[in-house]
Amino acid sequence: MDMKRADKAHYLEPALLTAAGVSLHGFTTRHEGVSRPPYNSLNLGTGTNDSPHAVEGNRNLLTRAFGVEAGRLVTVTQVHGTDLLVIDSPNPDYAYFQKLEADGIITNQPGVMIGVCVADCVPVLLLDPVKGVAAALHAGWKGTAAGICRKGVDAFVSLFGSDPRDILAAVGPGIGPCCYEVDRPVADAFRAGGHDWDAVATLKDVARWQLDLARANALQLGAAGIPERNIETAGQSVCCAPELFFSYRRDSGETGRQMGFIMLKG
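Numbering (the numbering used here) for the sequence shown: 39 to 304.
Hints may contain errors.
EDC-like, lysine to aspartate or glutamate: derived pairs with alpha carbons at most 16 Å apart [what the hints assert, rightly or not]:
#1 Lys180 - Glu139
#2 Lys46 - Glu70
#3 Lys242 - Glu219
#4 Lys303 - Glu107
Per label pair, the in silico range of CB-to-CB distance [as the list claims (entries may be wrong)]:
#5 Pro128 - Arg43: 43 to 49 Å
#6 Pro148 - Asp45: 18 to 24 Å
#7 Val195 - Ala245: 36 to 42 Å
#8 Ala44 - Ser89: 19 to 25 Å
Worth flagging that the hints you see were computed from the coordinates, not collected in a lab. Please read all numbers here as calculations on a predicted model, not as lab measurements. Cβ atoms here follow ideal geometry from the backbone N, Cα and C, with glycine treated the same way.
Please put together the full structure from these sequences, using the hints given.
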């Protein structure tokens, strides 16, 4: 993924999605916003202790950079689950949706920007350029273990008639295995969800593992039918790049949120 800039917004752009030519999309960094430390500066998360006015200003900066009217960005209240919000109306109720609990948003409506906020969890973007469908998914360890990426692909198929072989996926920057040590309850949840734990985690100590969350989601997307050539990963650990990204674990919880966003072109 390449670093890009639109107006003041700095973001990573997945080349696979860009090549399709039917959407605007990316994974934001922390640069060029208005929030003060420790949320400096492009904090896009409403669930933080940052000034709501600052977060609103940052979101308006992002939408303006892509020619979207202020306030026309759909986000939800994320709860580390697998529920998905489906938007099939050209005029969604943005304020209402922000209060809904979900961890993914799917739309077939051009001009509707959707996004998920993260600070260690992995943001995943899906795009079917054939059927004209896009999704933004929030994949923390709980959502990953419970199969949120698989559920997203299944929704494309069941609701919009997508062929998984046509779907493009971008796995954005999240916490890397170098910084993500987990315990037995996490391992048990992955195994209970049918995942190959040994393929995504490395034993560090007795009942302690280093989890590769990005790889876990990439493998899940592949198992759902998306060809490997259609899956792009950022390959960056947010915990190791304080100059670029927020990290909940690194910053002991007092930090901002970056966003994975996508919008179908009209």
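Q: List in ascending order the numbers of the hints, as given earlier, that are violated by the structure.
A: 5
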